Amino acid sequence: MEHFDLSLVNWSRAQFALTAMYHWVFVPLTLGLAFIMAFMETLYYKTGDEEWKRITKFWMTLFGINFAIGVATGIILEFEFGTNWSNYSWFVGDIFGAPLAIEGIMAFFMESTFIAVMFFGWNKVSKKFHLISTWLVALGANLSALWILVANAWMQYPAGMYFNPDTARNEMHNFWEVLFSPVAINKFLHTISSGYVLAALFVVGISAWYLLKGRNVLLAKRSIIIASVFGLITSIFLALTGDGSAYQVAQKQPMKLAAMEGLYEGREGAPLVVIGALTPGKEYNDGKDPYLFRIQIPKLLSFLGYRSGDAFVPGVKDIVEGGYTYTDKDGNQKVALSAEQKIERGRIAIQALADYKNAKEKGDTIGMTYNRKLLDENFEYFGYGYLNDPKSIIPNIPLTFYSFHIMVGLGFLFIAFFILMLYLIYFKGYKINKWLLRLSILMVPLAYIASQAGWIVAEVGRQPWVIQDILPTVAAVSRIDASAVQVTFFLFFIIFTTLLIAELRIMFTQIKKGPKDGGK
Amino acid sequence: MNILKRIFRFYYEGFKSMTIGRTLWIIILIKLFVMFAVLKVFFFPNILKRNFKTDEERSKYVIEQLTTKPK
Numbered sequence: 001m002e003h004f005d006l007s008l009v010n011w012s013r014a015q016f017a018l019t020a021m022y023h024w025v026f027v028p029l030t031l032g033l034a035f036i037m038a039f040m041e042t043l044y045y046k047t048g049d050e051e052w053k054r055i056t057k058f059w060m061t062l063f064g065i066n067f068a069i070g071v072a073t074g075i076i077l078e079f080e081f082g083t084n085w086s087n088y089s090w091f092v093g094d095i096f097g098a099p100l101a102i103e104g105i106m107a108f109f110m111e112s113t114f115i116a117v118m119f120f121g122w123n124k125v126s127k128k129f130h131l132i133s134t135w136l137v138a139l140g141a142n143l144s145a146l147w148i149l150v151a152n153a154w155m156q157y158p159a160g161m162y163f164n165p166d167t168a169r170n171e172m173h174n175f176w177e178v179l180f181s182p183v184a185i186n187k188f189l190h191t192i193s194s195g196y197v198l199a200a201l202f203v204v205g206i207s208a209w210y211l212l213k214g215r216n217v218l219l220a221k222r223s224i225i226i227a228s229v230f231g232l233i234t235s236i237f238l239a240l241t242g243d244g245s246a247y248q249v250a251q252k253q254p255m256k257l258a259a260m261e262g263l264y265e266g267r268e269g270a271p272l273v274v275i276g277a278l279t280p281g282k283e284y285n286d287g288k289d290p291y292l293f294r295i296q297i298p299k300l301l302s303f304l305g306y307r308s309g310d311a312f313v314p315g316v317k318d319i320v321e322g323g324y325t326y327t328d329k330d331g332n333q334k335v336a337l338s339a340e341q342k343i344e345r346g347r348i349a350i351q352a353l354a355d356y357k358n359a360k361e362k363g364d365t366i367g368m369t370y371n372r373k374l375l376d377e378n379f380e381y382f383g384y385g386y387l388n389d390p391k392s393i394i395p396n397i398p399l400t401f402y403s404f405h406i407m408v409g410l411g412f413l414f415i416a417f418f419i420l421m422l423y424l425i426y427f428k429g430y431k432i433n434k435w436l437l438r439l440s441i442l443m444v445p446l447a448y449i450a451s452q453a454g455w456i457v458a459e460v461g462r463q464p465w466v467i468q469d470i471l472p473t474v475a476a477v478s479r480i481d482a483s484a485v486q487v488t489f490f491l492f493f494i495i496f497t498t499l500l501i502a503e504l505r506i507m508f509t510q511i512k513k514g515p516k517d518g519g520k
Numbered sequence: 001m002n003i004l005k006r007i008f009r010f011y012y013e014g015f016k017s018m019t020i021g022r023t024l025w026i027i028i029l030i031k032l033f034v035m036f037a038v039l040k041v042f043f044f045p046n047i048l049k050r051n052f053k054t055d056e057e058r059s060k061y062v063i064e065q066l067t068t069k070p071k
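Protein sequence lines, in the order shown, are assigned to chains A and B. If you read the first sequence in this note's numbering, its first letter stands for residue 1, the second for the next number, and so on. If you read the second sequence in this note's numbering, its first letter stands for residue 1, the second for the next number, and so on.
Derived by calculation from the structure, the hints in this document are not laboratory data. Take these hints with a grain of salt, some might be off.
Calculated Cβ distances over 10 Å to all of chain A for the following chain B residues [as the list claims (entries may be wrong)]:
id : residue
1  : Asn2
2  : Ile3
3  : Leu4
4  : Lys5
5  : Ala37
6  : Lys40
With a straight-line Cα cutoff of 25 Å, these simulated DMTMM-like cross-link-like pairs (lysine to aspartate or glutamate) come out [unchecked claim]:
id : chain 1 : residue 1 : chain 2 : residue 2
7  : B       : Lys60     : A       : Glu380
8  : A       : Lys391    : A       : Asp289
9  : B       : Lys49     : A       : Glu78
10 : A       : Lys334    : A       : Glu380
11 : A       : Lys360    : B       : Glu64
12 : A       : Lys317    : A       : Glu265
13 : A       : Lys57     : A       : Glu503
14 : A       : Lys362    : B       : Glu56
15 : B       : Lys40     : A       : Asp481
16 : B       : Lys16     : A       : Glu503
17 : B       : Lys31     : A       : Glu103
18 : A       : Lys317    : A       : Asp389
19 : A       : Lys513    : A       : Glu503
20 : A       : Lys360    : B       : Glu57
21 : A       : Lys360    : A       : Asp166
22 : A       : Lys362    : A       : Asp166
23 : B       : Lys40     : A       : Asp94
24 : B       : Lys53     : A       : Glu171
25 : A       : Lys124    : B       : Glu13
26 : A       : Lys360    : B       : Glu56
27 : B       : Lys60     : A       : Glu78
28 : A       : Lys334    : A       : Asp310
29 : B       : Lys60     : A       : Glu377
30 : A       : Lys329    : A       : Glu268
31 : A       : Lys53     : B       : Glu13
32 : B       : Lys60     : A       : Asp364
33 : A       : Lys334    : A       : Glu344
34 : B       : Lys40     : A       : Glu503
35 : A       : Lys516    : A       : Glu51
36 : A       : Lys317    : A       : Glu268
If the Cβ cut is set under 8 Å, some of the chain B residues that face chain A in the computed set are [what the hints assert, rightly or not]:
id : residue
37 : Ile27
38 : Ile28
39 : Val34
40 : Met35
These numbers come from a predicted model, not from an experiment. The beta-carbon is built from N, C-alpha and C at its ideal position, and this holds for glycine as well.
So that you can see chain A by itself, here it is in the shape it has in the complex (with noise of 0.2 Å):
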């Protein structure tokens, strides 16, 4: 590794990071407020009461506004895949193409012509018409994010496809294996939930608002009604789909679950940690102790990673030195490589890459069949050719584990503060405090945090893979000047924050004006 320009390497990383973190700052709040609104116009289409028409128009226009701000800046990242990450894009050839373009078709029509009904068509087409609208718009959102998560679930875990030597392309034998791999769908139910409690989260601390200034008090009861209804069951939804995900990492990235619970050495009956702090400056081989301190839950890991209190979770140093057993895709019992062995399996199948092509050129048909054989036995190792040293396959621990714990934390919090909020609706009759309306604002920038944290785990954790164990990032970068990676860096750095900047400026301004025509 020590070849490539790492500061090509990591300044690429830090702006496609950059770019897809301020992408999502916009696109789970259109996911979940799609529907929160669909729900409320839905009321209105059943009851007739024009209250509900003037607050779905209210929540409608703060969609509106994080919709306008928000679009198109996923595009970016495609901008960045051609520029910055060309053997990639090459490399995944239409495995990664498809999805993003049938993400893109469907986006550009659903989304684009009933949004337009949804704002323009109040009183021009019929209530049904409209309601029909609205649930396609919160339909097409959530349908465009299947189709970029199935992209990046495949990164994370590649199925249903065959890599072809003389393209140098990897390609789809098999759609509905991508589409629907166990990892595509957790990622993708447990991605668009975290967006629904985060709407949730968005409507409960803006009506808590109203309510702290004794303003459209209707609207904001109403509102946080429906919103911590729908925040209750989506919040249990999401902690459901996070098990089915960490489930699906423990088999299939289990370097990503031991950076995000610190474990270090693999043990049966692993505990689940559910506090704690690590121990600076550990190396995967010291012997010290990883924890600073910690709370855990005896046997809780291995439940979770393999469904068997007792099971065997291993450890960094485990999957870095390997000799542990383990049962791969197709249910055999295997013993786990070292990351030495793999490197050592990498480089042959790239060798082999090269002589495939050199006999093929040469038109040396025997070399050929060889070589593709060699290629074909070695390619799940691949990626790891690239790496130098062992300790290259560790993703950043610290970051990881704190990022996965901050999310946890804050899921299982907002599942405490929707059971409240409801109690408190129902049983004291509105009787909500002071202090839990200026805690339930709080819950808004807290639920920004839990769902960047979530994609912090899921990207970090995968390091050094931009394709789990067949491509690092080091072999995708593009080799152009460092330089220029920067000064794009620092380009979208101030592009996207002045729209976030515009975003909450337009944004503060209508929640102050509150709905447009008044209200009781």
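Let chain A serve as the given structure and place chain B on it in line with the hints.
Same frame as chain A, now just chain B:
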């Protein structure tokens, strides 16, 4: 034709009656201009598309990138 006219009027009147939406559209248009006319053109060329004419050339280049260590 009548349907197309109605769709046009629907959008036209919708845009015309916008209040906050106008500010948002200005932001969207500026953003799209910066993204496609500035960033894409000057900072984010598709390297493989720009430097090579055929997919065969692109494959060859990527294989070379993947199988040789950088100088």
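Hints and how they fare:
With a cut of 10 Å on Cβ distances, Asn2 of chain B stays outside the contact zone with chain A, its closest approach being about 16 Å. With a least CB separation of 14 Å from chain A, Ile3 of chain B remains clear of the 10 Å interface cut-off, as annotated. Annotated as non-interface, Leu4 of chain B keeps its C-beta farther than 10 Å from every C-beta of chain A; the closest such distance is 14 Å. Taking the minimum C-beta to C-beta distance to chain A, about 14 Å, the non-interface status of Lys5 of chain B holds against the 10 Å cut.
Non-interface call for Ala37 of chain B relative to chain A: holds, since the shortest CB-CB distance, roughly 13 Å, exceeds 10 Å. With 10 Å as the threshold on Cβ separation, the claim that Lys40 of chain B sits away from chain A is violated: the shortest Cβ distance comes to roughly 6 Å. Using a Cα cut-off of 25 Å, the hinted pair Lys60 of chain B and Glu380 of chain A holds, with the two alpha carbons roughly 22 Å apart. For the proposed pair Lys391 of chain A and Asp289 of chain A, the alpha carbon gap of about 19 Å is at most 25 Å, so the pair holds.
Between Lys49 of chain B and Glu78 of chain A the CA atoms are separated by roughly 14 Å; this keeps the pair inside 25 Å, and the hint holds. For the suggested pair Lys334 of chain A and Glu380 of chain A, the alpha carbons sit about 15 Å apart, so the restraint of at most 25 Å is met. About 14 Å separates the Cα atoms of Lys360 of chain A and Glu64 of chain B, which keeps this hinted pair within 25 Å; it holds. Under the criterion of a C-alpha separation no larger than 25 Å, the hint pairing Lys317 of chain A with Glu265 of chain A is consistent with the structure, at around 6 Å.
A hinted pair counts as satisfied when its Cα atoms are at most 25 Å apart, and Lys57 of chain A with Glu503 of chain A qualifies at roughly 18 Å. Simply put, Lys362 of chain A and Glu56 of chain B have alpha-carbon atoms about 16 Å apart, close enough for the 25 Å limit, and the pair holds. For a cut-off of 25 Å, the pair hint linking Lys40 of chain B to Asp481 of chain A stands: about 17 Å separates their Cα positions. For a cut-off of 25 Å, the pair hint linking Lys16 of chain B to Glu503 of chain A stands: about 22 Å separates their Cα positions.
At most 25 Å may separate the alpha-carbon atoms for a hinted pair to count; Lys31 of chain B and Glu103 of chain A meet this at roughly 21 Å. For the proposed pair Lys317 of chain A and Asp389 of chain A, the alpha carbon gap of about 14 Å is at most 25 Å, so the pair holds. Taken as a hint, the Lys513 of chain A and Glu503 of chain A pair is honoured in the structure, with Cα atoms around 15 Å apart against an allowance of 25 Å. Distance restraint check for Lys360 of chain A and Glu57 of chain B: the Cα-Cα separation of roughly 15 Å lies within the 25 Å cut-off, and the hinted pair is therefore satisfied.
At most 25 Å may separate the alpha-carbon atoms for a hinted pair to count; Lys360 of chain A and Asp166 of chain A meet this at roughly 9 Å. Of the pairs offered as hints, the one joining Lys362 of chain A and Asp166 of chain A holds, with about 14 Å between alpha carbons and a cut-off of 25 Å not exceeded. A distance of roughly 22 Å separates the Cα atoms of Lys40 of chain B and Asp94 of chain A; the hinted pair therefore holds under the 25 Å criterion. About 21 Å separates the Cα atoms of Lys53 of chain B and Glu171 of chain A, which keeps this hinted pair within 25 Å; it holds.
Distance restraint check for Lys124 of chain A and Glu13 of chain B: the Cα-Cα separation of roughly 10 Å lies within the 25 Å cut-off, and the hinted pair is therefore satisfied. With a C-alpha separation of about 13 Å, the suggested pairing of Lys360 of chain A with Glu56 of chain B holds against the 25 Å cut-off. A distance of roughly 23 Å separates the Cα atoms of Lys60 of chain B and Glu78 of chain A; the hinted pair therefore holds under the 25 Å criterion. Pair hint Lys334 of chain A plus Asp310 of chain A holds up; C-alpha atoms about 18 Å apart against a cutoff of 25 Å.
The suggested pairing of Lys60 of chain B with Glu377 of chain A holds, with an alpha-carbon distance near 22 Å, which does not exceed 25 Å. A hinted pair counts as satisfied when its Cα atoms are at most 25 Å apart, and Lys329 of chain A with Glu268 of chain A qualifies at roughly 21 Å. For the hint linking Lys53 of chain A to Glu13 of chain B, the alpha-carbon distance of about 21 Å falls within 25 Å, and the restraint holds. Straight-line distance between C-alpha atoms of Lys60 of chain B and Asp364 of chain A comes to about 17 Å, which keeps the hinted pair within the 25 Å bound.
This hinted pair checks out: Lys334 of chain A and Glu344 of chain A have alpha carbons roughly 18 Å apart, not beyond 25 Å. The straight-line distance between the Cα atoms of Lys40 of chain B and Glu503 of chain A is roughly 23 Å, inside the 25 Å bound, and the hint therefore holds. A distance of roughly 12 Å separates the Cα atoms of Lys516 of chain A and Glu51 of chain A; the hinted pair therefore holds under the 25 Å criterion. Restraint check for Lys317 of chain A and Glu268 of chain A: satisfied, since their Cα atoms lie roughly 15 Å apart, inside the 25 Å limit.
Among the interface hints, the one on Ile27 of chain B holds; its C-beta lies about 6 Å from the nearest C-beta in chain A, closer than the 8 Å criterion. Below 8 Å, beta-carbon pairs count as interface contacts, and Ile28 of chain B has one with chain A at about 5 Å; its hint therefore holds. At about 7 Å, the closest approach between the beta carbon of Val34 of chain B and any beta carbon in chain A falls short of 8 Å, and the interface hint on this residue holds. For Met35 of chain B, the shortest C-beta to C-beta distance to chain A is roughly 6 Å, which falls under 8 Å, so the interface hint holds.
Checked against the numbered hints above, the structure breaks only hint 6 and satisfies the rest.
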